[in-house]
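Construct the entire structure; sequences and hints are all you get.
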Amino acid sequence: MGRRRRGRGPVTVGLAGADEVALGQRLHHVITQFCRGVDRRDAELVRDCFHPDAFDDHGVFKGGPSDLAEWLLEVTAAMQFMQHTVSNFHLFGVRDDVATTETYWHMRGVGVDGQLAEASGRYLDRFERRAGQWRIANRLCTLEWSSPGTGYGAADFAGGATDRGDPSYALADLVAPEGLHAGRVQVDGVVA
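Each residue of the sequence shown is one higher than the one before, starting from -7 at the first, in the numbering used here.
The hints are simulated quantities; they were obtained by calculation from the structure and are not laboratory data. Predicted model, so just to flag it, every value in this text is computed and none were measured.
Here are the computed distance ranges between Cβ atoms for each label pair: (1) D155 <-> F81: 18 to 24 Å; (2) A162 <-> D45: 17 to 23 Å; (3) D11 <-> L108: 38 to 44 Å; (4) A147 <-> M71: 20 to 26 Å; (5) A162 <-> W137: 20 to 26 Å; (6) G143 <-> D59: 18 to 24 Å; (7) M71 <-> R156: 33 to 39 Å; (8) A14 <-> T77: 21 to 27 Å; (9) T154 <-> E62: 32 to 38 Å; (10) G145 <-> P44: 29 to 35 Å; (11) D11 <-> D45: 25 to 31 Å.
We put the CB at the ideal spot given by N, CA and C, even for glycine.
Following this line, the structure appears as structure tokens:
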């Protein structure tokens, strides 16, 4: 049986020790490959992060990986500089061949006005392992903040919440033990 951690945030279950670290590194690599693909405008790198039938909700874009890659090339065509960074990677847990994660992202680039533009949000990902390959099966990209030069605002993307109404809790529930709500951890038979 997997490890369960006490905490205020969503629960992590399903793996222990080195297995959890190794899987976290593998999934984090997929996320950073996506960012590299966007920044280098490399559609193949972007597509390879997703299963072919995956769904991505990038706010103003919703669709599959091939269309996402083409859309990203289109909307970044005029940008002279763009850099995505990621942090606060959290592996909510694993159940069978499904893993869920939350990753904070920050983008800097030349905005629509020719000035430095910045935006930040989160990738809420459901990964699936198929034929031994962990790739994104579903992504929700939230926009938490953006400068005016990005051309996007909070109304263009799904937003987050500073309480349990945040979409990350529903994502964590996908891998939580039966009957255990995200953020509530069962340790030695006691729900904390």
